[in-house]
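So the protein lines, in turn, are chains G and B. Just add 348 to wherever you are in the first sequence, counting from 1, and you've got the numbering used here. Just add 312 to wherever you are in the second sequence, counting from 1, and you've got the numbering used here.
These are computed hints drawn from the structure, not numbers from a lab. Given the structure is predicted, the values throughout are model-derived calculations rather than measurements. Note that CB positions come from ideal geometry on N, CA and C, so glycine has one too. Keep in mind that a hint or two might mislead.
To be verified - Straight-line C-alpha distance at most 20 Å; calculated SDA-like pairs for lysine to any residue:
| hint | chain 1 | residue 1 | chain 2 | residue 2 |
| --- | --- | --- | --- | --- |
| 1 | B | 487 | G | 593 |
| 2 | B | 466 | B | 521 |
| 3 | B | 487 | G | 423 |
Unchecked claim - Label pairs and their calculated CB-CB ranges:
| hint | chain 1 | residue 1 | chain 2 | residue 2 | range |
| --- | --- | --- | --- | --- | --- |
| 4 | G | 373 | B | 413 | 51 to 57 Å |
| 5 | G | 485 | B | 379 | 38 to 44 Å |
| 6 | B | 331 | G | 585 | 35 to 41 Å |
| 7 | G | 571 | B | 331 | 52 to 58 Å |
| 8 | B | 367 | G | 486 | 30 to 36 Å |
| 9 | B | 422 | G | 407 | 43 to 49 Å |
| 10 | G | 486 | B | 338 | 45 to 51 Å |
| 11 | B | 437 | G | 376 | 42 to 48 Å |
| 12 | G | 486 | B | 364 | 30 to 36 Å |
| 13 | G | 470 | B | 333 | 51 to 57 Å |
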Amino acid sequence: MLELRSVSKVFGELSALHQVDLWIPPGKVSGLIGPNGSGKTTLVNIITGIYAPDTGQVLFNGVDIVGSTADQITRFGVARTFQNIRVFSRMTVLENVLAALISLGDPSWRVLLGFTKCANDPRLNMALKALETVDLLNEAGVVAGELSLPLRRRLEIARAFVRDPELLLLDEPAGGMTPTETANVASLIRERIAPGRTCLVIEHKMDLISDVCQHLCVLNHGEKIAEGSPDTVLEQPQVIEAYLGRD
Amino acid sequence: MLHVSNLDVRYGEVQAVTSVDIEINLGEIVSITGANGAGKSSVLNAISGIHCPSGGEILFEGENITGLKPHAVVRKGIVQVPEGRQLFATLSVRENLLAGRHTNSGFVLNHNIPEQILSQFPVLRDRLDSLGSSLSGGQAQMLALARGLMNSPKLLLLDEPTLGLAPIAVSEVFKLISRLRDQGLTILLVEQNVRQALAISDRAYVLESGRTVMEGTGQALLNDDRLVQAYLGINQRQTVYT
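With the rest of the complex left out, here is chain B (with noise of 0.2 Å):
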């Protein structure tokens, strides 16, 4: 379904990637690990469009589609979940959630949600009238998600989505993302929760100083020692391995 090959992002003097391969399958979970600065969010944001990169290429579907701008990559079927939600504060749940609702036009003519997405979120369902920012953490990422589901993607980029959220919520995040998966959609998950992140993940690719260094089904980087090691950190590894 998407194709990246070498390719290479970056600013200005720093090469944040080099090199990178990246191939998705219909209906996959497929995650990107790493350390911070390692290059994660480079790669998403070039597959968006959000950062045109400087060499390599991009097919989604068999299309290039390497350096078109944002609103294009959308109309393509190619939606991202930005870090840090990225929510209009101001703007009620209902105004977010059609925010996301992009038209060739631009202009949104019909106002309702579609009862498809309410009942995917039932904690929106309830507040479509409060303010953005009147949102918990949890509630918020999952406005997040849900606009970015308004325009029915086929491929969706999720980057940190359990970022500063609670045990809780993490849970919840997990078991949606798995749950769209298992409705057809095709997910590109960028986490810091590595282990949970692999759990629910098909295949993973593991980036270091921009490069890959690893990549394997979810559940073989899990039990990978040199990940456990470089990743997971020593009170995870003992989880893993009990």
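One chain only, chain G, in its complex shape (with noise of 0.2 Å):
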């Protein structure tokens, strides 16, 4: 499914990521994690082609998609959330996710000003299928800036998520959320996002990690310290010292 071969990546005079192999098992969740700084959201945005990596190979079904720009990334069937929340805030729920289909198909821009009009544009049932799936149906005409932080986050993943993408990235998916809002997310993810998908979850919080993962990773300093089950890894010394705490 997805491999990434001594990927590097240097800004400036950081070093982002150095030489790292990872390997994403098909059809089931793995887990980045690392502390702040770590090199987490510059893989992800290497794997999507917002950054070329100096060196290393990135393979996505077997092809290296390394100098694919990152509409071509989404098109190979790579989907992605933010870590801080990028939906447009003053269009309406359903608006923000049919903005994710225009591409589908008619790539005229007719198509983001009309298409919602009408009935009979199988993108507009995508998009209602992909909001029942994450509970925002109700939610629909509401504008985006008017939602809760939960709902913004459940919204992000709808619009990841209404292309059927193979591989979907979720960068902190609970970031900013309560212990309970953070159950439900991994519920989501768990019961209806994740089967029959391949995802790569971004997050600190372990709760979640611990509920979702199959697969864990863990960066420092941009260089791969573990990988394995969830519950090996995080009890592996070096994970504790550079991401736990003693505590």
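Got two chains here, separate frames each, mind docking them using the hints?
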């Protein structure tokens, strides 16, 4: 499915990623954890074509996608959400999800301006189905900026999910949430988003990681320091030292 | 020290806070917890003058500060460390710190960072000339906290200080908050890490849909079944009771 081979990225004098090898098993939920500044988001930005790595390969279904643009990578079947929620706050919930479908089929801007009125457009049904999946159907007509944080995160997931991506990258899906809200996101991912899909979740909330992930990888200072099942990884001394703390 | 009574906050048609009372005594850590959208940040913003309350009264050291502008509230000795850190990304760490030194004239004549701050935040001492944007999340939060202390506040308002931080950095922030209280600072804390926040709090208020639904000591609330069910989730409940 997805494999990174010896990926390195330098920003100025900072080595953000250093020869990272990573394998994301197909059809499972993998977790990516590590201290702030360890290179997690850089890695997601490289997978999604926002940055090109300085060296190394990113193989998606066996094809090296380094050099492909972000929109090309989306068409290959990769979608993501953002750590700092990036919904279009003045558009409605439904329009936000439809925006992810603009380039599907007719690429014209007329689509964006007109197709929500066209009941026969399959994209409308796709969008409504995605909203139903994340329990946002009742909020379809609400302006996204008025949603609470947990609902905005759900909207981001719906927008990434609507094109049925083969690989879904979730960057801190429970950021800013209380424990109960985090548990709700975990069950959403586990029961409705992950089945039949490969997911990579970046998260600092260990409750969520333990709940949804079958595979876990740890970065520290741009290098991979551990990989394996969550139970074994979270007990490794170097992970406790660098990330979890000793309390 | 701070006495908030009958506080109402509105955003246009939306009533975000309704008849909230909050009491903070000198030297306490008081937490406000609750789900997202419960009105926690609105209460902080009303106290710090960022958003003018539509009703109620805020007394600080016996003086009515309701509706004062934010800079005037800072001069009274109340400083808010905002959610999301809000650093100046293109300024250095030193410049970010100096931005927190608010003077009546607006001029900062002394460009030295007090030793008291640097000894509290050793990670910043080594990075004084680095850009704000170059800091990791944990370091950035330390800078936001240090900037809040530059004006020697009497009451510190902390809005989600552990947002987006790794577990090890979360522990460091909570240790620092406890240490600041031990040094005599009074703190009002809004946090989504409910369990850890309650563990270091003298007292806490739980908000739901803009109203206070529970209050008590941090320890009493940690052991309260209603709070555990509503905000701590099942996994946390097991942790709490084992």
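Status of the hints after comparison with the structure:
{"no.": "1", "hint": "487/B / 593/G", "result": "holds (12 Å)"}
{"no.": "2", "hint": "466/B / 521/B", "result": "violated (29 Å)"}
{"no.": "3", "hint": "487/B / 423/G", "result": "violated (46 Å)"}
{"no.": "4", "hint": "373/G / 413/B: 51 to 57 Å", "result": "holds (52 Å)"}
{"no.": "5", "hint": "485/G / 379/B: 38 to 44 Å", "result": "holds (41 Å)"}
{"no.": "6", "hint": "331/B / 585/G: 35 to 41 Å", "result": "violated (51 Å)"}
{"no.": "7", "hint": "571/G / 331/B: 52 to 58 Å", "result": "holds (54 Å)"}
{"no.": "8", "hint": "367/B / 486/G: 30 to 36 Å", "result": "holds (31 Å)"}
{"no.": "9", "hint": "422/B / 407/G: 43 to 49 Å", "result": "violated (57 Å)"}
{"no.": "10", "hint": "486/G / 338/B: 45 to 51 Å", "result": "holds (47 Å)"}
{"no.": "11", "hint": "437/B / 376/G: 42 to 48 Å", "result": "holds (44 Å)"}
{"no.": "12", "hint": "486/G / 364/B: 30 to 36 Å", "result": "holds (33 Å)"}
{"no.": "13", "hint": "470/G / 333/B: 51 to 57 Å", "result": "holds (54 Å)"}
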